[in-house]
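First to last, the protein sequences are chains A and B.
Heads up, the first sequence is in the numbering used here, so the first residue is 1 and it goes up one at a time.
Heads up, the second sequence is in the numbering used here, so the first residue is 1001 and it goes up one at a time.
No lab work stands behind these hints: they were computed from the structure.
Bear in mind that the values here come from a model prediction, so they are computed numbers and not experimental data.
One or more of the hints may lead you astray.
Said to hold, decoys possible - The calculated DSSO-like cross-link candidates involving lysine-lysine, where the alpha carbons are at most 30 Å apart (straight line), are:
| id | chain 1 | residue 1 | chain 2 | residue 2 |
| --- | --- | --- | --- | --- |
| 1 | A | LYS56 | A | LYS2 |
| 2 | A | LYS67 | B | LYS1009 |
| 3 | A | LYS2 | A | LYS67 |
| 4 | A | LYS70 | A | LYS56 |
| 5 | A | LYS2 | A | LYS42 |
| 6 | A | LYS2 | B | LYS1057 |
| 7 | B | LYS1009 | B | LYS1057 |
| 8 | A | LYS56 | A | LYS42 |
| 9 | B | LYS1009 | A | LYS42 |
| 10 | A | LYS70 | B | LYS1057 |
| 11 | A | LYS42 | B | LYS1057 |
| 12 | A | LYS42 | A | LYS70 |
| 13 | A | LYS2 | A | LYS70 |
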Amino acid sequence: QKEVEQDPGPLSVPEGAIVSLNCTYSNSAFQYFMWYRQYSRKGPELLMYTYSSGNKEDGRFTAQVDKSSKYISLFIRDSQPSDSATYLCAMSQDNYGQNFVFGPGTRLSVLP
Amino acid sequence: DSGVTQTPKHLITATGQRVTLRCSPRSGDLSVYWYQQSLDQGLQFLIQYYNGEERAKGNILERFSAQQFPDLHSELNLSSLELGDSALYFCASSANPGPPYEQYFGPGTRLTVT
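Starting from the given sequences, assemble the full structure and let the hints guide the process.
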């Protein structure tokens, strides 16, 4: 079993839809959770950062962490064609970035 | 544009060879991270430097080494290259070594080993 799992997709949705992206993980020591967006042939860019369990909202993006279920989610409201990219979850267990692990990514296509 | 630069953009070399990838972090960032991204392994954290010192180590092979210089640029050295080392190599930088891990990624170096 991989340490962090994500459905690779591709996930295709119509413009304006609510998108739900998810990751599950096995290491209960993870405390810091991040979502990155990666456009084709570009480096990843940080979208959201969450510490421990709970929700965090930033514009059209909401990140949720459920440590009891070892499950994290990213919701995108009013999705746009410009949201079409690969979304990577990432997590770490301590302040020093030790054991920094990325999920394999979910490819999202938002169709106009 | 993230402000992180990487050279070269593309590199094609033969098995057994040695290459050096270079990264310049964003102005003011002290921490540099190296990652390998391949189709079957995803994005793998290799190593982190903070202000010239090694800070964290991930799944970095013994054939690979890195350093961060006094001017804060970093180099990743890959030796005895194998076909499986073909991948995208990303460098990222951040102002601090810890959370919130606001890392800014460079455009990557695509390495092809033939």
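Quick rundown of the hints versus the structure:
| no. | hint | in the structure |
| --- | --- | --- |
| 1 | A/LYS56 - A/LYS2 | holds, 26 Å |
| 2 | A/LYS67 - B/LYS1009 | violated, 39 Å |
| 3 | A/LYS2 - A/LYS67 | holds, 17 Å |
| 4 | A/LYS70 - A/LYS56 | holds, 17 Å |
| 5 | A/LYS2 - A/LYS42 | holds, 25 Å |
| 6 | A/LYS2 - B/LYS1057 | holds, 19 Å |
| 7 | B/LYS1009 - B/LYS1057 | holds, 24 Å |
| 8 | A/LYS56 - A/LYS42 | holds, 26 Å |
| 9 | B/LYS1009 - A/LYS42 | holds, 11 Å |
| 10 | A/LYS70 - B/LYS1057 | holds, 24 Å |
| 11 | A/LYS42 - B/LYS1057 | holds, 24 Å |
| 12 | A/LYS42 - A/LYS70 | holds, 29 Å |
| 13 | A/LYS2 - A/LYS70 | holds, 13 Å |
Taken one by one, the earlier hints fail for this structure only at number 2.
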